[in-house]
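For the record, the sequence lines run as chains Z and S. Counting along the first sequence from 1, when you hit position 112 you're at 112 in full-length UniProt numbering, and nothing is skipped either side. Counting along the second sequence from 1, when you hit position 57 you're at 57 in full-length UniProt numbering, and nothing is skipped either side.
None of these hints come from the bench; they were simulated from the model. One should not assume that every hint holds.
Pairs involving identical chains hold if they fit within one copy or between any two copies, as the list cannot separate such chains.
Cut-off 30 Å, straight-line C-alpha distance, at most; resulting in silico cross-link-like pairs (BS3-like, lysine-lysine) [as the list claims (entries may be wrong)]:
#1 Lys112 <-> Lys95
#2 Lys81 <-> Lys7
#3 Lys21 <-> Lys102
#4 Lys7 <-> Lys95
#5 Lys112 <-> Lys7
#6 Lys7 <-> Lys101
#7 Lys81 <-> Lys21
#8 Lys111 <-> Lys21
#9 Lys21 <-> Lys112
Protein chains: 2
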Amino acid sequence: MELLRRKVIDEGIVLGQGVLKVDSFLNHQMDPVLMREIGREFTRRFNGEEITKVLTIESSGIAPGIMTALELDVPLIFARKQKSLTLTEDIYVEKVYSFTKKETNEITVSKKFIAPGERVLIVDDFLANGEAAFGLARIVEQAGGSVAGIGIVIEKSFQPGHRLLQEAGYRVESLVRIASLTEGQIAFVEDDEVLPG
Amino acid sequence: MELLRRKVIDEGIVLGQGVLKVDSFLNHQMDPVLMREIGREFTRRFNGEEITKVLTIESSGIAPGIMTALELDVPLIFARKQKSLTLTEDIYVEKVYSFTKKETNEITVSKKFIAPGERVLIVDDFLANGEAAFGLARIVEQAGGSVAGIGIVIEKSFQPGHRLLQEAGYRVESLVRIASLTEGQIAFVEDDEVLPG
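Produce the complete structure using the sequences and hints provided.
Structure representation (structure tokens):
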């Protein structure tokens, strides 16, 4: 997706240890036109998947998620993230480990919003190790729904998330794929390139 | 705003102690068409205010915020909420007390995203005591910007937020105003009604 790739090149800042800062257009300040185009692109890529809901996780997934839901004309659900829970009767709970923050969060979705048989598109801003995407997929499956696909805005292809999700049978579509973030430089995976697994 | 009022009547659930649950269309599951209409309505109401940015707070403010930003063709910033902070050099920090959760959070915005002279529209999902809106307004003003207005999706008019914000000189536009939530019933403020201050 050229518009997004351009933004990453122009505004992305490489911090140490494989961290890419995109807070000027994706996860603190957000570009609404870019978000709308992201929603359109996911809709194009997952055309024919008969999606009934979009599922994302707070907070940075919400803007691309709501734009995708608008294009698809289905509701968006955002999973909540919290440290620990007491009441869990009416909600699905999955543990998700964040390698960046080195902490485990519980992500939750109300049981009433995913019905058996639903076809759920998972959308998230970043894919690295796949922890959040797997957690969201487990929630969909606990509810008796199926994962129609996983749409990622920026994938760090040098981390194993994409491969692991594919091996588990999920279709992953990442709008921008980053091959490396070494020496302050952003290198992209070319469209026809196969990465070492 | 009739579409929103309809949703509140049809899907809002009154819990004890003045709490209105709207998690089927506003703050867990979200209706994207409703969000787009909310964005259009705020844009109509604040027409002429020369807004340069929309500012909201994670997580439930993001969807109405991004739709408003799209209509206005300006960026959205969402303030982050956290328990406590260590590094605060490059960010504005304000303390915000939540009466619902009975806890104080620090809300933060990167200094680089609000320039002196900016005209910032604050958008949030709920207004009760006004704590979050005041916190966001203080951040805008610390940055040398001005608050173009405060757009609220659902106002609890039986709590003092609206009055306090107006007394402080802010223009508040609430799309739905709730007069009371007693005995499981939702009563609305009529458009021409003046509430006891």
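We went through each hint and held it up to the structure:
| no. | hint | result |
| --- | --- | --- |
| 1 | Lys112 <-> Lys95 | within (20 Å within a copy, 34 Å between copies) |
| 2 | Lys81 <-> Lys7 | both (28 Å within a copy, 26 Å between copies) |
| 3 | Lys21 <-> Lys102 | within (18 Å within a copy, 33 Å between copies) |
| 4 | Lys7 <-> Lys95 | neither (32 Å within a copy, 33 Å between copies) |
| 5 | Lys112 <-> Lys7 | between (38 Å within a copy, 17 Å between copies) |
| 6 | Lys7 <-> Lys101 | within (25 Å within a copy, 38 Å between copies) |
| 7 | Lys81 <-> Lys21 | both (21 Å within a copy, 19 Å between copies) |
| 8 | Lys111 <-> Lys21 | between (34 Å within a copy, 15 Å between copies) |
| 9 | Lys21 <-> Lys112 | between (35 Å within a copy, 14 Å between copies) |
Consistency note: the structure conflicts with earlier hint 4 alone.
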